[in-house]
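Chemist: Listed below are the residues making up each chain.
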Amino acid sequence: MFSGAFRERLAGSWVEIRENLGRSTLQTLGVILGVASVLGGFSISDSQRRRSDERWMKLGGMDRLNVQPSEAIRDGQPTALQAANLGLRNEDASEGSDLDAKAVSGVMQQKFARARVRSPYADQDRQLTGIGGDYMALNGYAIEKGRAFASEDFENGRPVAILGAEAAATFFPTGDAVGQTVRLGDIPVTIIGTFTEKIFRWRDGQGNQFAWRNRIVAVPSTLVATRMQGDRWQRVDRVAFRIRDLGAMKKFSEGLAAILRGNHRQQEDFRIDDIAARIRKRQSQGDVYNMIFMLSGVLSLIGGGMVNVNIQMATLKERVREVGVKMAIGASGREVFKEFMTEALLLTGLGALAGFAGGIAFSKIITSFLQIKLYMQPSSFAWAFVLAAAFGFLFALYPAWKASRLSPMEALRYE
Amino acid sequence: MRSIIETRGLTKVFGSNGTAVHALRGIDLTVTAGEFVALVGPSGSGKSTLMAIIGCLDSPTGGSYALDGTSVEGLSGAALARIRNEKIGFIFQSYNLLPKASIARNVELPLLYAGIGRKERRKRALELLEKVGIPEKANVLPGVLSGGQRQRVAIARALANKPALLLADEPTGALDSKTGEEVLALFKELHKQGNSVVLVTHDPHIASLAERRVELRDGLIVSDVSEKQAA
Chain A
1 MFSGAFRERL AGSWVEIREN LGRSTLQTLG VILGVASVLG GFSISDSQRR RSDERWMKLG
61 GMDRLNVQPS EAIRDGQPTA LQAANLGLRN EDASEGSDLD AKAVSGVMQQ KFARARVRSP
121 YADQDRQLTG IGGDYMALNG YAIEKGRAFA SEDFENGRPV AILGAEAAAT FFPTGDAVGQ
181 TVRLGDIPVT IIGTFTEKIF RWRDGQGNQF AWRNRIVAVP STLVATRMQG DRWQRVDRVA
241 FRIRDLGAMK KFSEGLAAIL RGNHRQQEDF RIDDIAARIR KRQSQGDVYN MIFMLSGVLS
301 LIGGGMVNVN IQMATLKERV REVGVKMAIG ASGREVFKEF MTEALLLTGL GALAGFAGGI
361 AFSKIITSFL QIKLYMQPSS FAWAFVLAAA FGFLFALYPA WKASRLSPME ALRYE
Chain B
1001 MRSIIETRGL TKVFGSNGTA VHALRGIDLT VTAGEFVALV GPSGSGKSTL MAIIGCLDSP
1061 TGGSYALDGT SVEGLSGAAL ARIRNEKIGF IFQSYNLLPK ASIARNVELP LLYAGIGRKE
1121 RRKRALELLE KVGIPEKANV LPGVLSGGQR QRVAIARALA NKPALLLADE PTGALDSKTG
1181 EEVLALFKEL HKQGNSVVLV THDPHIASLA ERRVELRDGL IVSDVSEKQA A
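Read top to bottom, the protein sequences are chains A and B.
The numbering of the first sequence is my numbering, which starts it at 1 and goes up by one.
The numbering of the second sequence is my numbering, which starts it at 1001 and goes up by one.
Hints listed in this document are in silico derivations from the structure and should not be mistaken for laboratory results.
A couple of the hints might just be wrong.
What the hints assert, rightly or not - Reference excerpt, derived from the structure (chain A facing chain B, CB under 7 Å, subset only):
| # | residue |
| --- | --- |
| 1 | Gly4 |
| 2 | Glu8 |
| 3 | Val15 |
| 4 | Glu19 |
| 5 | Val325 |
| 6 | Ala328 |
| 7 | Ile329 |
| 8 | Gly330 |
| 9 | Ala331 |
| 10 | Ser332 |
| 11 | Gly333 |
| 12 | Pro408 |
| 13 | Met409 |
Said to hold, decoys possible - Distance ranges between label pairs, derived from CB positions:
| # | chain 1 | residue 1 | chain 2 | residue 2 | range |
| --- | --- | --- | --- | --- | --- |
| 14 | A | Met313 | B | Thr1032 | 39 to 49 Å |
| 15 | A | Met313 | B | Lys1162 | 35 to 45 Å |
| 16 | B | Thr1032 | A | Trp14 | 40 to 50 Å |
| 17 | B | Glu1130 | A | Lys364 | 55 to 65 Å |
| 18 | A | Thr25 | B | Leu1141 | 20 to 30 Å |
| 19 | B | Glu1182 | A | Ala314 | 34 to 44 Å |
| 20 | B | Ser1208 | A | Val307 | 48 to 58 Å |
| 21 | A | Thr25 | B | Lys1188 | 45 to 55 Å |
What the hints assert, rightly or not - With a straight-line cut-off of 20 Å between C-alpha atoms, the simulated PhoX-like cross-links for lysine-lysine are:
| # | chain 1 | residue 1 | chain 2 | residue 2 |
| --- | --- | --- | --- | --- |
| 22 | B | Lys1162 | B | Lys1119 |
| 23 | A | Lys338 | B | Lys1100 |
| 24 | B | Lys1131 | B | Lys1192 |
| 25 | A | Lys317 | B | Lys1100 |
| 26 | B | Lys1100 | B | Lys1137 |
| 27 | B | Lys1192 | B | Lys1162 |
Positions of the beta carbon are idealized from the N, C-alpha and C atoms, including for glycine.
The task is simple: from the sequences and hints, build the whole structure.
Modeler: Printed below as a string of structure tokens:
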């Protein structure tokens, strides 16, 4: 090594490969296909998974942990504790977000009510959505005109409302909803803003999956609780937390369950999303494909490796004399072994690089065909390379060992 | 005098009982440092087998062999490779240069296996090519050289590690008589400089150049004549 022997072996291997380009290409074919298949396969399934993640986000979010009230009384008469229970309320939301301020990047409450909504142009029975906290951010609503609710609106339950695009068009078809007044039941409420229209389609030309979200008539949840339902406990229909890190979410949901049980007199009258199931679902998505692609990669590496062994054994016949000469001038079997291994591994390395190019091209073509954005991870490259190197090494062993075991005398006499 | 080769009762049997071929039947040979010995005999006499054993390319079936004072019996393949590398310089009839390596790299190869650094290798290789009279060919491939030049490269390679023994197997066998003479003159020159040379040949003329002739027949030494004795 210190005498530059490795460098010499590398240089010698390079000469050997360059001089026998056709044969060398044939030898690397298995590696190229194997690496391309593993890298391409992984990348395609990663791209697919990423797209499905993005859709999840749009449809409600991977990062949202929902808490809903649930029926605690299974059968028979409720116990005193159950009867006196208060249900899900604002307090649960605030204590929950205090539990792990670092992990929680948003919290919202939601409380529904039904009321007759009347404007100068329309008079309909509608669901009202009482919102609180970071509802807009967590549900992907943005203000188009006017303003969002201010903290005083929430605190005091002020009679203000924001309309979804469809609701605004229904109640104020002339387009000047902001500043107008509608009556929600008996309460006159001022429109302070409208939401941007929400659109989501699975494919171009299909219906808008989010049409119902544009029907929203949003008011502060405190307004619903105090003025419409007279609930001094400020119960809510849903609490949700935004937690970006799926790993932290599991721990958080356990802590949250403990707090809520404490708040709810040990009654399981709430339901928290099953995070474990969500993580399982996310991970199993694509795992199957990864396995299949890895298998096909491994199979082509094995097939290519066997072809490689064959070629190596055939060329060894041509090179017996060369080995004999080297041994006569002092190369040990070990040295011959190293030379053969160096050549095979250099070939594998070059094949892997070509395979990377192939894999990138392959996944680009497929993803553009599927119309999804290509997303490649360094770990896919690493996997492909490690597999190729492992099989390259394994299949190089036998020919190199054979060469190293030649008798110098017989090798020299070989014609 | 230091003995370079010392064999006692050397035998070599190829094959097993029924089809056994006794190539060597008991060779006692001593070559001292600085000698120029021609090993002669018809084909099948066992001279190539003897050369292979002397060159540590093969091991004897029986008897003992010491090279430059070191017994080589029972040595591992790696140890034998080391001895070949350090003590023996081979010169073959068919040159046996590596066709894809430059002349300089060919000459460097024994130095590489001896673990000598790059710069030193290159320096020594150029010196050796100078010594055999073709310094200008360092960077060409063997294919472009004439037979005589190739054999000079092979001799330079054989000399690389300053071996105790130069072992040449029909070194002029593939050359025309004029170039053959030139190569033989080079051998005489090397001998004069103090190298021990063993030359295997079937050509009595070439053998006559050596100061000592050892003749083999059917695996036995049948004559061993020194010029000084004959004179």
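Chemist: All hints are to be evaluated individually against the structure, with a verdict given for each.
Modeler: Structure-based check of all given hints:
| no. | hint | in the structure |
| --- | --- | --- |
| 1 | Gly4 | 5 Å, holds |
| 2 | Glu8 | 6 Å, holds |
| 3 | Val15 | 5 Å, holds |
| 4 | Glu19 | 6 Å, holds |
| 5 | Val325 | 4 Å, holds |
| 6 | Ala328 | 5 Å, holds |
| 7 | Ile329 | 5 Å, holds |
| 8 | Gly330 | 2 Å, holds |
| 9 | Ala331 | 5 Å, holds |
| 10 | Ser332 | 4 Å, holds |
| 11 | Gly333 | 5 Å, holds |
| 12 | Pro408 | 5 Å, holds |
| 13 | Met409 | 4 Å, holds |
| 14 | A:Met313 - B:Thr1032: 39 to 49 Å | 46 Å, holds |
| 15 | A:Met313 - B:Lys1162: 35 to 45 Å | 38 Å, holds |
| 16 | B:Thr1032 - A:Trp14: 40 to 50 Å | 46 Å, holds |
| 17 | B:Glu1130 - A:Lys364: 55 to 65 Å | 58 Å, holds |
| 18 | A:Thr25 - B:Leu1141: 20 to 30 Å | 23 Å, holds |
| 19 | B:Glu1182 - A:Ala314: 34 to 44 Å | 40 Å, holds |
| 20 | B:Ser1208 - A:Val307: 48 to 58 Å | 56 Å, holds |
| 21 | A:Thr25 - B:Lys1188: 45 to 55 Å | 50 Å, holds |
| 22 | B:Lys1162 - B:Lys1119 | 18 Å, holds |
| 23 | A:Lys338 - B:Lys1100 | 18 Å, holds |
| 24 | B:Lys1131 - B:Lys1192 | 14 Å, holds |
| 25 | A:Lys317 - B:Lys1100 | 17 Å, holds |
| 26 | B:Lys1100 - B:Lys1137 | 15 Å, holds |
| 27 | B:Lys1192 - B:Lys1162 | 15 Å, holds |
Violated hints: none; the structure is consistent with every hint.
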